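Trainee: Residues per chain, in single letters:
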Amino acid sequence: MSLTAAADPMLPEPFGILRKRRELSDTFTLELEPLGGHRKFAFRPGQFNMLYVFGVGEIPISISGDPDDDGPLVHTIRAVGTVSDALRTMEPGGAVGVRGPFGSAWPVESAEGRDVVLVTGGVGLAPMRPVIYHVLTNRQRYGKVVILYGARTPEDVLFRKQLEQWRSRFDLFVDVSVDRATGRWRGRVGVVTKLIERAGFDPHDAVAFVCGPEVMMRFSVQALNERGVADERIYLSMERNMKCAVGFCGHCQFGGQFVCKDGPVFRFDAIRDIFSVWEV
Amino acid sequence: MSERAVPTNIRMIDRDGLDALIRDLVGQGRRVIGPALRDGALVTGPVASVDDLPAGVIDHQEAGGYHLDTHGNGALFHNVVGPHTWKRYLYPPVRTLWSARRAAGGLEVMADDAPVPRYAFLGVRGCDLAALRVLDRVLRDDAFADPYYSASRDALFVVAVNCTRPGGTCFCASMGCGPRVGEGFDLALTELPCEDRHVFLVEAGSEAGTALLAGLPSEPADRAALAAAEARLAEAAESMGREMIPDVAQVLRDGLNSPHWATVAERCLGCANCTLVCPTCFCSTVEDVTDLSGAEARRERRWDSCFTLDFSYIHGGHIRRGGDARYRQWITHKLAHWHDQFGTSGCTGCGRCITWCPVGIDITEEAKAIKNREGRA
Amino acid sequence: MVRIEGLERILREHPFFEGLSADYQDLFAGCAANERFEAGGFVGREGEPANKFYLVRHGIVALEYAVPARPPLVLETLEEGDVFGWSWMVPPHTWAFDVRAMTLVRLISLDAECLRGKFESDHRLGYELFRRFVPVVAKRLAAARMRLLDMYDSPK
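Chains as they are written, first to last, in this note's numbering: chain A, 8 to 287; chain B, 4 to 380; chain C, 858 to 1013.
These aren't lab readings, by the way, just hints derived from the structure by calculation.
It is possible that part of the hints are untrue.
[To be verified] 20 Å max Cα-Cα, derived EDC-like pairs, lysine to aspartate or glutamate:
| # | chain 1 | residue 1 | chain 2 | residue 2 |
| --- | --- | --- | --- | --- |
| 1 | A | Lys168 | B | Asp343 |
| 2 | A | Lys27 | A | Glu116 |
| 3 | C | Lys975 | C | Glu903 |
| 4 | C | Lys996 | C | Glu905 |
| 5 | B | Lys371 | B | Asp291 |
| 6 | A | Lys168 | A | Asp33 |
| 7 | A | Lys151 | A | Glu98 |
| 8 | C | Lys975 | C | Glu895 |
| 9 | A | Lys47 | A | Asp33 |
| 10 | A | Lys268 | B | Asp144 |
| 11 | A | Lys27 | A | Glu38 |
| 12 | A | Lys47 | A | Asp73 |
| 13 | A | Lys268 | B | Asp250 |
| 14 | A | Lys268 | A | Glu221 |
| 15 | A | Lys268 | B | Glu222 |
| 16 | C | Lys996 | A | Glu204 |
| 17 | C | Lys996 | A | Asp73 |
| 18 | C | Lys996 | C | Glu936 |
Since the model is a prediction, treat every value here as computed from it, not as a measurement.
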């Protein structure tokens, strides 16, 4: 008896880098295609892949492309560690290993018919972009759509051109705030939670998706609750150490949940009891 | 009393019968693993005949303490579990998952296609059989299956042993896992060394077990032997060294902010012994190893422990920085969150973590302490 | 009279005065005035006497610090529905930073001298104001703390 490759969820599939785009000083986007030939990489908004750099290691990265598009697999990555630094030095023509997609998705189907509020911060806009694409493709299925985005400084605003395009649409409400104004920034200065207070949506019929640093998500949930959005209609995307992404390695445990397979997207009431407990 | 009152799937064998059993398993091409005496402890190792089994060895176990002794009756299984667990065979401490090499215009990934061994485990106790069921749930029967574990587990033959002499740190009775073995064995032995002759009751628990048993020199189990086995098992259940509080899962869920974690952390060395000897701890990490030329790389999976600082590292820092948070993670995972994740406790009451803790931290006592510090009745 | 009635309506509809009795609305309206600033104009300057507080009706104002050799440092932007200016309650009653209109801004100002006089004769009126002001201050403090965490910072 021997093991077959197809059955092994730990086995990466080689992908080639088609294009690379600098987004911010430490953030970049890679477009990938399977080396075995072109095929659609099916995923749901909010899911992630494990990206492997030869001889360096593997990290979880959420998918930032359009789930309804047949084009390449798109990842937006912030260089914050050994593997993401190594990915940053890679160029088109290079190859990486891909395992996935893994994890739970933003519930874009059950949000149909409701107002949708996306609260994002920092590089947390990247895992939310597939939701934005999906909602725009199916715009008539949703009520008001609100995109709230907080960044550290104007220089840290991710997907700035796209945000401006989205802001110019009449069927989206886009609001951006920075914690620290610099240079010629003429926009809002203040915390992202303040955008929640004033955004136009029906708190009793809205679904909120929150993605950003954990602290930012904590404050965002409070602000959403204050507006009247119930815990059962708030979803957030968690981050923990991951080695396997399939529930074997134990690293991503968050109380009784595995971030890799029960998450990364959780309905808030499922993790409420442990969300602000120290060092869970 | 008629012979028909005795269950037909239970037979009686002697030492020679056990020897024939081992040789049959070897003859099937299996790697038979059973108790072995090494470095002053009962561990596990290859077994080719009944003479390889340590006879007359008994163990004394307490919190942070373990020593062996001999007993004149020559019993093979009048001891309990040692520092080894069966997971080391089905989920090895280090295993190469795959290798990769740079290829023209890309990357080539090669699966590990080494044959999976066909094991027979001899001497699996109730706690450890329960642990196999727990690992099955985690590594084989969840959304994703670990192919190596699944293949070697499916090929496994289990000769279980009912414990008639519990150890000082055992608490399987309070976890519902022993001293009588639960389901999942092919054959289960109950050793009766002190009667007029040294015999084993053998119960078949599977077709493979029934078939094997049919080929052994055996005799029908007599009622006296059955009654003796029952009495010993009942006595063993009563004389367990320790006991887990029944409401431990809720106690721990409610106790996440207990001041007691800091108290445990004062003693805990963070050495990870408890996780390494635990029969159900499955956490692992991966390491990427490259050759000197940098042309080939391979990915190794190694056992990991939630007691290490790096275990919870995410970019920027470690989530569980303190020993308090790490001990809390281990015990709440094992006894509370495991239920949420897999519908069962992750603890089977084997007592290894108590025995092999260098400072004698006792999981049953810590559970009680959390309960009492929380002021719950 | 027309002017006063207009102000009463605006005050009544502003979230800051939500739930205030008609009597008290009249009393506050008696101290209120409409103000308008063009983009770039200063509502207050650091160190100047702070003798008013403001409700924003329209436009964006920036609370900012002038720092040498750099463009002004914007601490926070405020807009419709926001309230600012509590220096009139805290000695030495001077503006702690500059307040600048970033767009055309329409504000309601409430005069501190006028309010103090009314509070002396009716402490409950003072209570009504302070219990509205404390949450504003608390929220502003919470936001400041949140930003102090620098939560988007690169962990390197």
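Trainee: Each hint: holds or not?
Mentor: Structure-based check of each hint:
Proposed proximity of A/Lys168 and B/Asp343 is contradicted: the alpha carbons are some 44 Å apart, above 20 Å. Simply put, A/Lys27 and A/Glu116 have alpha-carbon atoms about 31 Å apart, too far for the 20 Å limit, and the pair is violated. Straight-line distance between C-alpha atoms of C/Lys975 and C/Glu903 comes to about 27 Å, which puts the hinted pair past the 20 Å bound. At most 20 Å may separate the alpha-carbon atoms for a hinted pair to count; C/Lys996 and C/Glu905 exceed this at roughly 25 Å.
A threshold of 20 Å between alpha carbons decides the hint, and for B/Lys371 with B/Asp291 the separation of about 42 Å lies outside it, so the pair is violated. The straight-line distance between the Cα atoms of A/Lys168 and A/Asp33 is roughly 17 Å, inside the 20 Å bound, and the hint therefore holds. The straight-line distance between the Cα atoms of A/Lys151 and A/Glu98 is roughly 40 Å, outside the 20 Å bound, and the hint therefore fails. For the given pair, C/Lys975 sits about 32 Å from C/Glu895 by alpha-carbon distance, which is inconsistent with the 20 Å threshold.
At roughly 29 Å between alpha-carbon atoms, A/Lys47 and A/Asp33 are farther apart than 20 Å, so this suggested pair is violated. A distance of roughly 14 Å separates the Cα atoms of A/Lys268 and B/Asp144; the hinted pair therefore holds under the 20 Å criterion. Distance restraint check for A/Lys27 and A/Glu38: the Cα-Cα separation of roughly 6 Å lies within the 20 Å cut-off, and the hinted pair is therefore satisfied. The straight-line distance between the Cα atoms of A/Lys47 and A/Asp73 is roughly 11 Å, inside the 20 Å bound, and the hint therefore holds.
A threshold of 20 Å between alpha carbons decides the hint, and for A/Lys268 with B/Asp250 the separation of about 28 Å lies outside it, so the pair is violated. As the CA atoms of A/Lys268 and A/Glu221 are separated by approximately 19 Å, the hinted pair is consistent with the 20 Å bound. Under the criterion of a C-alpha separation no larger than 20 Å, the hint pairing A/Lys268 with B/Glu222 is inconsistent with the structure, at around 51 Å. Distance restraint check for C/Lys996 and A/Glu204: the Cα-Cα separation of roughly 11 Å lies within the 20 Å cut-off, and the hinted pair is therefore satisfied.
Only pairs whose Cα atoms come within 20 Å are accepted, and C/Lys996 paired with A/Asp73 is rejected, the gap being roughly 37 Å. For the proposed pair C/Lys996 and C/Glu936, the alpha carbon gap of about 15 Å is at most 20 Å, so the pair holds.
Hint violations for this structure: numbers 1, 2, 3, 4, 5, 7, 8, 9, 13, 15 and 17, all remaining hints satisfied.
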